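> As a plain string of letters, each chain reads:
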Amino acid sequence: MLEAVNVSLASLNVATLVPMTIAVVGALAIIVIDLIKGGLDKSLYVMISMLFLLLDLGAVMGSAGVFAANGTQLGFFDVMLIDGLAILAQIVIVVASMMFIPLALTSKRFHEFSYPEFFALFLFMIAGFQFMVASDNLILIFVGLETASLALYPMIALHNRSKSFEAAVKYFTMGALAAGLFAFGSMVLYALTGSVEIHQIAAVLAADGYANMGYVLVGTVMLLASFAFKLSLVPFHTWTPDVYEGSSAALAGYMSIVPKIAGFVVAMRLFEFLIHSGVVWLEVILYAMVVITMTMANIWAIVQTDVKRMLAYSSVSHAGFVMSAVLIGTTQANTGLFLYWALFSFANLGAFTMLWVSRQKVLLPGQSSDHPFEKFSGMFQTSPIQATLMALFMLTLAGLPPFALFWGKLYLIGAAVSGGFTVLALIMALNSAVAGYYYLKLIVYMFMKEPLNEGQNYLVNASTSLKAIIGMAAVASIFLFLAVSPMIEFIGGFVYNSGY
Amino acid sequence: MELYLYTALFAPIVGSLFAALFGMSKKNIIAGLVPSALLFVSWLASLKLLIYILGGGEEVHVELMTWMATGDLYVPYGFIVDQVSVTMMMVVTTVSTVVHVYSIGYMDHDKGFNRFFAWLSAFVFSMMVLVMSDNFLGLFIGWEGVGVCSWGLIGFWYHKETATWAANEAFIMNRIADLAMLIGIFLVYWNTGSIQYHEAFAAMPALDTSVLTAMGIFLFIGAMGKSAQFPLHTWLADAMEGPTPVSALIHAATMVTAGVYLVVRANPLYDLIPDVGLFIASLGAFVAMFAATMALVNRDMKRIIAYSTLSQLGYMFVAAGLGAYWVALFHLMAHAFFKALLFLGAGNVMHAMHDELDPFKMGDLKTSMKWTWIFMTLASVALAGIYPLAGFFSKDLILEVSFVEHHYILYTVLLLTAGLTAFYSFRLVALIFHGDDRHTENGVHPHEAYNFMLYAMLPLAILAVVAGMIFKTPYYEMVTQVLPAVEYHIHNHTTFWIMTIGTQLFVIASIVYAYKKYAKAVKVDKKVESGLLYQLLYNQYFIPQFYEEYFTKTYRELSEMMWKLDMKVVDATVDGVANVFHGTGKATHEMQNGNLSTMLRWMVIGTVVLLALAAAFTFGQSEGVVKMLSGLGAI
Amino acid sequence: MLDHILSILIFFPALAAILGFIVHKDSMRAYGIIVATVEFVLSLWLWYSFDASISGMQFMEQANLIPAFGISYLLGVDGISLFIIIMASFFTMLGIATLTETRRIKDLIITLLFLQMTMIGVFAALDAILFYVFWELSLVPMLLIIGIWGGPLRIYASVKFFLYTFAGSLVMLVGMLFMAYFYYQATGQWSFSLLEWYRLILPENIQYWLFVAFFFGFAIKVPMFPFHTWLPYAHGQAPTIGSVILAAVLLKMGTYAFIRFSLPLFPDASVFFMYPVAILAIIMIIYTAMVAYAQKDIKQVVAYSSVSHMGVIVLGTFALNVEGITGSVFLMIAHGIVSGALFLLVGVIYDRRHTKLMSEFGGLAHVMPKYALIFGIMMMASVGLPLTINFVGEFLSLLGFYKQSHMMTLLAGTAIIVGAIYMLAAYKKAFFGDVTKEENKNLKDVNKTELLGLIPLTIIAIWLGIYPKPVLEPINNSVEAVVQLMHDKAISPEAKSTIPSIVKFETQEAH
Amino acid sequence: MMEITLQHYLILSTVLFVIGLIGVMRRKNLLLLFFATEILLNAVNIAFAAISSYYGDMTGQMFAFFIIAIAASEVAVGLGLLVLWYKRTGKIDLDTMTSMKG
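Protein chains in written order, with the working numbering: chain A, 1 to 500; chain B, 1 to 635; chain C, 1 to 511; chain D, 1 to 102.
None of these hints come from the bench; they were simulated from the model. Every clue listed holds true.
Only pairs whose alpha carbons sit at most 16 Å apart, straight line, appear in this in silico EDC-like list of lysine to aspartate or glutamate: (1) C:428 <-> B:161; (2) B:160 <-> C:434; (3) D:101 <-> B:590; (4) C:429 <-> B:161; (5) C:296 <-> B:560; (6) B:160 <-> B:355; (7) C:403 <-> B:72; (8) A:163 <-> D:95.
Keep in mind that this is a model prediction, so the values were computed, not measured.
Chain A on its own, in the form it takes in the complex (with noise of 0.2 Å):
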């Protein structure tokens, strides 16, 4: 018989748990809403997942506020660890949450948006992205992780195309693989430490000096592949053009972003002790990845045809550029991760918005796919705001100053730099110029191509929201970088104050 366990409330410092709490309760009142009156405007749901948000948002900022009075905070027996790694990645995902929202609401009707369920799951699933990095825990981790992608999962099919759902069903697969994956590693790093906290493995890890590296080996690859999946580094990245292309722009987008930063914050939890307990072989792993991963994600998206599916690969390289923070694990890195993250997010939440407004309804005949370069020729010549707003965001992507995303690029390979990665640095410069060309294809494509089809409309699906996203992410990428210096005093103090 279990004893009676006095649990006070104060120990349990709920305070930790109020960020996700708001989220999932607001899921739950959109289900509620929705049974007690069907059919309502797409809108309401949109605001009120908005306001969620909102106060989700100001409860982070307040844990932020705690933390940095009072150090990381602990909760739930310890199952909940709120330093500021945990801040950052939910100020991330939350801010993009609301970026990504009001996309919704586009002028064209589009399926999924018309069912609440589909908000609720959107809020569930930052409930579990949030859980995810704001844990020390597998076990919590591994919930988090699967309540986000679970929801993700129909949220994608909801967009109700074959290509949708092909693509709901090749990340679901994959997903369940890697969440096997994710578990046998726990399991492996459980059998050999009696633990699932990964300060608690490392302490033990440390103590007894490595001595079974090679089961530690065994859990870290499984644990590796997992996040490798989630991260998609190359080759565990096959999903993601296929994903993207199958989910709406604005989800592209959106996945592109966030479930990416929860999983650096796990992979930094995770990964750094080792590297930095010593086990090289990590570090030579994570090295030749990162580099694969930047290069041949950006060869690929070289040969791509279709714009949403070259930013996916695109994407796939930026998430390799950043996983170098990880590896080289100083605090400048760490800093720069989520600083790139940060100025990432709006560029390319741009970029993907600019495809979902100019996104139709049916496909036009002779495209195969939404968005094929031969949609943008002549862009600049029909709809030259548009098109220089696009080139904006190309240009942010490829990293030219003194657009937000240099600034990103610039610390995280001066970080590199400090850290000692001479080549990486120049690896992770040079990738940028390889980018550069795909992203010019576009610019090309706009600027300098004849139109090909008169009356092509890159504005079908354009309602006031879209546009300010648009408007939005315009300006922060152009004038972010008045911002950066405070940005990373702010993330250099939280990161530095978690001992990252």
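Could you slot chains B, C and D onto chain A? The hints should help.
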């Protein structure tokens, strides 16, 4: 005196710019008159300066303004009028004034009349800059300036392929020499710290001989280009494509003598390096002979005179090389007068013969062109060095110099050349003015040139006669204040008289032979003409062909090759790098074949590979790997 | 206002460009001319207010940009950059005034104004990252100019231009980051300020590596052999205005950066790499001159001649003494004026005949005498005739390098020969001979608009050839400071002896 | 009789896991593919339970419970997608699902 200096210097450029104003409009006589008048003004100013200097005046030295100043380098626009430059100024302004006036008639019917005077006066200006500068770089301005004017004037009739080709050839060949000249200037600067004449020369005696030798050689190579010395001589004969007054002024009297002037000007340097001087003298003697032989058989009137110019330049270099700078300068002056006269006469003939250049198609012109005949004969006598004309005093002096300096081989060569000179000069005179009338059959009815053209030539004719006799003593006294004063006297009177009279007789014999051979009916000796020697001379020792074949063509082909290299190798490499990426993408993007099974397999394979690597790492000793990675900066 | 004149110079055109979107396209040219003229007048004012006797930076502006990473908005000019800035604004004005393009002229002018911002920014920036920002940003307008208004191969040419220079400058960026990192290690503070970097003395082997990293960025931009092949394509395809600005200003970024970055930051490495770089420069000079001779397209001749002359500039820079560097800076301006003018001239004939093949011409001197005259003057300037602007620069560059190597200078000096060969040959083909083609018989001579662009250039080419002092003096003063800095910073005795110490500064120290 | 130790459980678990992996790689039928993924998770469950018992620690069992829950949800979502796909195409063969590639 500064005012006169500036007048002498800038009057020509004012004339040039004035004529240039009319450059693109119809012929306007003003465009010829004004530059000529301004040149006359320049001549007057030069004369004033000459009188001043002759009267024992101090050298006039002015600095107009700074040109370049950086680091330790300081180059002003500085001008100096001393005994040497005033001589040159007189020569230049005299000949050019004459040529300008003459050209008003000569270019009468040419639609580029105005342009011609713009170029011609610009040339005079450049030449004045060249001789009046007080530093090497100022000299170089003039040096290049005359080069470019020469380019414009040789190619004056730019519709003619041969003319433009010759212009480019002249410019480029001169450029080759100019490079050496620049290097010479660099050497002067870095070793003496200055490129002002007086400072640089003052510093030179302290320098190492090897450095001085290099300086001397490079500067002389520069001089070789301008003065068309072997092997950079081919352009001069081709330059005859230009209008004849141009040949008279530029390619006989002034520009080509710039090289001699440079050596004379740099006498403190060449005095320190007698070995180089001997080389210059030897090359000069060689060129004298070499050019004279080519003139023997040539059938182009102007080319014959051009070769004669070349030959006389050789004489001057012999004198300069042997340290007899004043002699070289003296011959330069005398030569300018009679050679310009000769060319202008040839111009008259050309006009009369409708641009026919082959003397074998002329003959018996003395009847219709009496004054031209007289002038050209006078000039030829002077050139041959017959007493008491100018050539005797200057050219025979060079023979004496080589004798006195005990360079008997040079002496012999020069003596022989004197004979050759007399022969080809009178071969030309005889063919043109004597013998049968060979032109009427071609429908040419010659007429004498305008009177004012003949009057214009008159001063030159007078100078050709008296320059040697009258000017020698005052000139010597004046110029030796700055140039080494060496009197070249053969102390043994018997030897002196034997040599002098012997030379005269030898020359006269050559003249007589030429007259005998060509003044009557012209017989063509087929046997001689097909002989190797004749062919060799007639084809200018095959040097132009050689240059065409081995330099021009090679350069063109090499350039084509380089272009191919640029496109097919250098650029292809760049594109290749890009294509590697693109190609890899094309070849491997099928790894994503859209089949879920394949995707899953990739994942499993990835995991298995990682496991295998982990196993390999655990079991195998991985020090090598570690080492390799630390190289990458990974550890 | 003088305190912020550099910022005004940089951002005025950009602001004007943004407002230009509203201007009607028929009035756009007038708008462009007005903006560019104001900008030019401002740059002249800069010159007027510039104190030539000061060797250091003037009109400095500073603001923190990213203090956390040591990046600041730091501007300043000295004698080296002053004239390039003026030239940039001058050519933009001239380019817009003589524009003959009619397609999408509004876009073109807006692009040009943005380009102007980046050009001036590059030469005014004293913070490495700020410099890099403008350096990279300048690629975009040029990409568009070539890509939209260019010839048949324009896309290939523009993308090649972009990617090639982009790749090179990324390597440079890594170098900059290293530099900042070493500064961080030395002082505990991040800084990208050049003036701060100047105070850092690096070990020799580090200098070597960083020199190489920077070299990639600069060499591709210059462009140095063997990285030059983007240039003929860019020039060949670009519209006249693009070529003019590319040749006159954009290429100068590379050589300017050598003087601003490579020399003072890495004096020992500069000495170490002096000969290798010089060899590349010499190959550039001779090889590209030969390639130029083989060209059939007159614009390509001018394009390759550009490369060849840039070789002399690089050589002068690596003379590492005052004469050579001053010469190379002066030659940058000279080359800008002359090659800019030559491209304008090529544009004149291209507008009339829509071909640039020399075989299509011949005898142009008959029908277009004024054109032939101006072309002739510019050609002579290009081959370095004394009393034209190019000579001063070429002479000083070669003079400077002669101190370092006799043989190499002799080889490099062949520039004056091979330069004459291709130029004269081209001139002969196009202008001399008889008019053979029917289309050429009635060609109009240069018109007023074209003269408006060409005459000022001709005047400058001759004026600065005869009297270079107003430009040469400020350059000289600043270069002396650079050389002295290099001398003081040099570690190895070899470098100390190669880089001269300026007497003037020594005496000052003694007091 | 041999005592069954932790080792045996782990080996069993690994073997099952490998079987699952092979299934994932080989199966072309979507339904069977889902089975294979279930095998993966359940293989891990065995190990967790065994290890938990070995250490006398409840964490492993907790993990196993969570895995079971997640596996169940996965099946729910997976089958949902499968049904949809089947309704659209009438097939559940993987090889028909290749409209996107490259």
